[in-house]
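Visitor: Residue numbers (full-length UniProt numbering), protein chains in the order written: chain A, 1 to 286; chain B, 1 to 299; chain C, 1 to 482.
Treat the hints as calculated values from the structure; they're not laboratory data.
Remember, it's a predicted structure, so these values are computed and weren't measured experimentally.
Ideal Cβ positions, reconstructed from N, Cα and C, are used throughout, including at glycine.
Mixed in with the good hints there might be a few duds.
Below, in silico cross-link-like pairs of lysine-lysine (BS3-like), each with a Cα-Cα straight-line distance of 25 Å or less [stated by the list, open to error]:
| no. | chain 1 | residue 1 | chain 2 | residue 2 |
| --- | --- | --- | --- | --- |
| 1 | A | Lys176 | B | Lys291 |
| 2 | B | Lys104 | A | Lys108 |
| 3 | A | Lys202 | B | Lys218 |
| 4 | C | Lys439 | B | Lys73 |
| 5 | C | Lys246 | B | Lys264 |
| 6 | B | Lys104 | A | Lys14 |
| 7 | C | Lys311 | A | Lys61 |
| 8 | C | Lys468 | B | Lys264 |
| 9 | B | Lys73 | C | Lys468 |
| 10 | C | Lys151 | B | Lys264 |
| 11 | C | Lys436 | B | Lys73 |
| 12 | B | Lys105 | A | Lys14 |
| 13 | B | Lys73 | C | Lys246 |
| 14 | A | Lys202 | B | Lys264 |
| 15 | C | Lys311 | B | Lys264 |
| 16 | C | Lys246 | A | Lys68 |
Counterexamples of contact, computed for chain C against chain B with all Cβ distances above 10 Å [to be verified]:
| no. | residue |
| --- | --- |
| 17 | Asn76 |
| 18 | Gly114 |
| 19 | Met126 |
| 20 | Lys184 |
| 21 | Gln187 |
| 22 | Asn259 |
| 23 | Pro271 |
| 24 | Ala314 |
| 25 | Leu387 |
| 26 | Pro427 |
| 27 | Leu453 |
| 28 | Gln460 |
Coverage of chain A stretches by chain C, computed from C-beta distances (three or more under 8 Å per stretch; other residues unrestricted) [as the list claims (entries may be wrong)]:
| no. | segment |
| --- | --- |
| 29 | 125-137 |
| 30 | 226-240 |
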Amino acid sequence: MALFNNHLGNRTAKYTRNTILVILLLLFAMATIFPIYFMIMSSFGDPVEAGAVSYSIWPSKFSLESYKFFFAFSEYSYRWILNSLVVATVVMVSNVVFATMAGYAFSKIQFRGRNVLFAILLAAMMIPYQVTQVPLYILIVNIFEIQNTYSALIMPTLVTVYNIFLAKQFMGTIPKEILESAKVEGCNQFQIFVKIIMPLSKTVMAVMAILTFMETWNTFFWPFLVTNTMDMQTIQVGLKNFRFANTTYFAPMMAGATISAVPMFILFFSLQRYFLEGVTVGAVKG
Amino acid sequence: MARASNVKNRLNRGDGAWAYAFIAIALVVYALFTAYPVVSAFLVSFQEYRPLGSEYIGFDNYSGIFASELFWKAIMNTLVYTVLTVPVALIISFAVAIAIMPLKKWAQTTFKAIYYLPAVASGVALSVVWLWIYDPLPGGILNQLIGMLGIPSQNWLGASSTSMFSLVLMSWLSSHGTSIIIYVAALLGIDESYYEAAEIDGATFWQKMWHIVLPCLKPTTLFLLVTGVIGSFQVFQNAYLMTGGGPDHSTTMVGLLIFDTAFKYFEFGKAAAQSLVLAAIIGVIAFIQFKFLGKDVEY
Amino acid sequence: MKSKTKIAASVLALTLSLGTLSACGSGNNNEPAQTAKPSNTANGGASEAKDTITALLPPVSPTYQENFKQMEADFNKLYPNLTLKIEPASWEDMTQKLDTQVNAGSPPDLAFIGSDGISKYAQMGMLLDIKDLVSADMIADYDEAALAYMKNGDGLYGLPAYMEVHSIGGNKQFLEEAGVDWKKVQQEGWTYDEFREAIKKGVVKEGDKTSRYGFVFATAGVASKDYLSILVKNAGMPSPFTKDLKYAYTSKNYLTVLNAVRELIDDGSMPKELSSVDAGKRWNMFLTGQTMITGKGLAVFENSANKNNAKIDAKDGSAVEGSIKVDYIALPLPSFAGQEPVSHAVVDGYVAFRGKKDPTDEHKANIAKAAYFLSSGQVAATTNNDLFAAHITKSAREAAASMESNRNPDNIAAVDKMLEHAAPARPDIPVELGSKAIKLENEVVIPKLQALLAGEITPQEMYDAVKKGAIEAFGADGVVQD
């Protein structure tokens, strides 16, 4: 990375610098990761009631009983994961496609009403969701009458303003000259979008994909509201079903939380590639 | 000048149609699932809401808010929380993103993954763990830790003096994953040729940082700042799950207050009014941020 | 008028058939109902339209949600034309979901909620008065005291599932070590001074560290309002409102209780971190021998303690880590300032809702049937046994007669005694007053209590704050001044 001088000539200086950086990063990483470490560690405990939690930093035992317990809790536990996968995938794909398109339009194309429309979009981000919840619920349940369906889970977040904003901000750094030269060569906007913008925006699209997937995957309140049966619930709703008034099955809950985090890891690592590819693609071609 | 703009106009012919096509679906989704509920909330804010026939009561909901001590306390709490969390989180994320850059690829990946982890795990599950970290008894994790430093054990979430700090600390250590990823992505997006040119001129690390990185990351920073502040003003989950707003309203944020007004007291009209006042406040702050930071950022 | 009597008649007829069916059903494993099914479907379709009743139900007892399928099937056997559709929800999320549905004007037909929630929904006009929909036979099945909790004004808005008292629970061994005659306390109660001395003796210290507290009550999270509201019942304030509808928590006795709350912590009998002890934590402290008395106590805790004892005996490592065997002893709360002890009664049940559209008379009748099905007979018997809760219907008592129970007879007697002293229902409190009191509790009482527990304000300061809030809400004439 050329921000850092890689040809200082002095290998020791470079080595020392990196070591210090790594130590600092590691310390911070430990503080960050501790709750998750604790979560995963506890998930290997026994499925015991009544908040029996030990404060030891090291696991006292390793057992998969809590995982079994979690899956045994409901016949629908696998279905919850499947539902979450379906919903999160659809929402992710549609956001990446439509938000990128809209972000490009708002960022690079001059059209009548652009600034006003964008300001209106942005303004919506400022309304706390608690207040739109009930009107939205009325719309989905009483007007569209699609409660307890995938559509109800997916539709409200097909494209989010956050993602449009994110896409637009990123595309702001794409030099105008590239687009203009493409136009001179006779490309129309759609061709420009597919041939130039999309390849240049892989990084932001990957970021968007991860963030959206994660957001959807972890959403609790909305799926909870619009699902009425166990078989349509998502993993987060199922996870919450797990908690009881006076007793918490701590270890199985942590097992469930760990299970729910696994698809996120898979997605994250599989999209890593695009972050790195961003380096080479980012250069102005011709 | 005139000729240039003529060429542009000719080249840009038909762009408008394409632009509308590009934003069409976004607009439809927005109109249905965001604008409609917001407009409906706006109407409700002038009503005493009843599921069976609401009643228009003019500005009563609004005047009630401005007279309420609790609302202003909640605004103050939210401001304190925002000032303590958002800038710090941005600085931490920026520093981490920069520090990650010189590392080998596998190390970069590992660190990014680690920092991103808290965002991956469900907030509900993590809040349970955090409750245990903040266990007020001397055997609690954090109390043991500060005990080693000779500090007496604290009643973290249970005392007004430490409750806000506890929420802030939790935010510092768990909400930077997204910003780090966005910063790293933005850093990778900076054109290599800028650095090359700077190096030919013999620029130092700090000079490159100041003249290349900071200006190039400005749109990203603005984005993170604006969304961070908005998010922080609407923050609800942690206070809800960890303290319920207590003790003695020391962690009652506006987001939580709105939630309580709507779902605990059923004063839906008042809740709508509260959130529109909040939206106005956020709007003003966002506008100021755009004005001061966004001067030379192109939208 | 005519149609009304017709419906009443058909409801009556149905009830009778229901009575016979459920009696058979519980005794004979539902076989009669099964054989009756074909004949019912043969001619039932013509006389009774198909209908679906929705019910939003939390995990009332640990095994409750596992029985949903069975409950739905049994109900369908009983009424072949009716379908019971159960939506499960956890306790915490239940209210939010219900509130959103209610606000949107499309609530479920039935929801399992506490009777204290009735005034909230009644004020919005979203409850269904089932007074004329349930038969005299059904009504006669319930204990009067419990049923009264489901009333508001003239209306009856649901049927109760159980009536429980919030008490406290002691560790038998520790109580005896501290010289507490728990049997006498179970029968005769105790005063605050006796209680204060007793829990002082229960404290065990190792050096300057307390290894066992006399008393730990959960005051964080959902339990925050329980502590004070349970205590004040025993200080001459059985309800937030006096008989002449004045707000009671401005009386001198309230201050007495607040002083006591502080004293117990300052004595060292309760942890100074009490304000952040939640329900799970204090139960863990009880099972691990870190406290002599725990609160709040419910009958079901004896069951949980017994289960853990069995796990300790089994030595398979499934018991709560570090736990010891505990004999759970149900104890009443102490009384303050020479007042009669009054138990905090909790009545939860199946409350009937109506949506934006007024439901048809037939649907209304079906809702009542479903509410009765869920809150009596076999279903109630199973659930309440699971909870160690007393049965409040004759039919459930009959159904439960054959079920086994390993409850401590002393505890049963103690709980019965407390139920005798249970605070009576107050359907006379107007909904506006009730909801104002709830708001005052949430916005002033609980936050100030948290501060009091954390030692940030004095009892007098809290008392003044509550009084100020009360006068703002109810006017100087609307509160008790003594």
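Visitor: A separate judgement is required for each hint: does it hold in the structure or not?
Guide: Verification of the hints:
With a C-alpha separation of about 23 Å, the suggested pairing of Lys176(A) with Lys291(B) holds against the 25 Å cut-off. For the hint pairing Lys104(B) with Lys108(A), the CA-to-CA distance comes to about 35 Å; that exceeds 25 Å, so the pair is violated. In summary, the hint linking Lys202(A) to Lys218(B) is supported, as the alpha carbons are separated by about 20 Å, within the 25 Å threshold. Between Lys439(C) and Lys73(B) the alpha-carbon distance is near 17 Å, which keeps this suggested pair within the 25 Å criterion.
Among the hinted pairs, Lys246(C) with Lys264(B) is consistent with the structure: their alpha-carbon atoms are about 24 Å apart, no more than 25 Å. Using a Cα cut-off of 25 Å, the hinted pair Lys104(B) and Lys14(A) holds, with the two alpha carbons roughly 13 Å apart. Straight-line distance between C-alpha atoms of Lys311(C) and Lys61(A) comes to about 18 Å, which keeps the hinted pair within the 25 Å bound. At most 25 Å may separate the alpha-carbon atoms for a hinted pair to count; Lys468(C) and Lys264(B) meet this at roughly 22 Å.
Using a Cα cut-off of 25 Å, the hinted pair Lys73(B) and Lys468(C) holds, with the two alpha carbons roughly 18 Å apart. Restraint check for Lys151(C) and Lys264(B): satisfied, since their Cα atoms lie roughly 21 Å apart, inside the 25 Å limit. For the suggested pair Lys436(C) and Lys73(B), the alpha carbons sit about 21 Å apart, so the restraint of at most 25 Å is met. Taking the CA atoms of Lys105(B) and Lys14(A), the gap is about 16 Å. The hint holds against a cut of 25 Å.
In summary, the hint linking Lys73(B) to Lys246(C) is not supported, as the alpha carbons are separated by about 30 Å, beyond the 25 Å threshold. Proximity of Lys202(A) to Lys264(B) is assessed by CA-CA distance (about 44 Å); at most 25 Å being required, the pair is judged violated. With a CA separation close to 40 Å, the supplied pair Lys311(C) and Lys264(B) exceeds the 25 Å bound. For the hint linking Lys246(C) to Lys68(A), the alpha-carbon distance of about 55 Å lies beyond 25 Å, and the restraint is violated.
Distance check on Asn76(C): its Cβ is at least 30 Å (rounded) from any Cβ of chain B, clearing the 10 Å threshold; non-interface status holds. The non-interface label for Gly114(C) is consistent with chain B: the shortest C-beta to C-beta separation is roughly 14 Å, beyond 10 Å. Not every CB of chain B is more than 10 Å from the CB of Met126(C) (nearest about 6 Å), against its label as outside the interface. Residue-level check passed: Lys184(C) sits 33 Å from the nearest beta carbon of chain B, beyond 10 Å.
Separation of Gln187(C) from chain B is adequate, the least Cβ-Cβ distance of about 35 Å exceeding the 10 Å criterion. Look at Asn259(C): its CB is around 19 Å from the nearest CB on chain B, clear of 10 Å, so calling it non-interface holds up. With a least CB separation of 7 Å from chain B, Pro271(C) falls inside the 10 Å interface cut-off, contrary to its annotation. Every C-beta of chain B lies more than 10 Å from that of Ala314(C), the closest at about 27 Å, which supports listing it as non-interface.
The non-interface label for Leu387(C) is consistent with chain B: the shortest C-beta to C-beta separation is roughly 25 Å, beyond 10 Å. The non-interface label for Pro427(C) is consistent with chain B: the shortest C-beta to C-beta separation is roughly 20 Å, beyond 10 Å. A cut-off of 10 Å between C-beta atoms contradicts the statement that Leu453(C) is not in contact with chain B; the least separation is 7 Å. For Gln460(C), the condition that its CB be more than 10 Å from all CB atoms of chain B holds, with the nearest at approximately 16 Å.
For the segment 125-137 of chain A, the assignment as covered by chain C holds, since 3 residues bring a beta-carbon within under 8 Å of that chain's beta-carbons and 3 suffice. Counting residues of the segment 226-240 of chain A whose CB lies closer than 8 Å to any CB of chain C gives 4, which reaches the minimum of 3, so the coverage claim holds.
Violated hints, in rising order: 2, 13, 14, 15, 16, 19, 23 and 27; the structure is consistent with all others.
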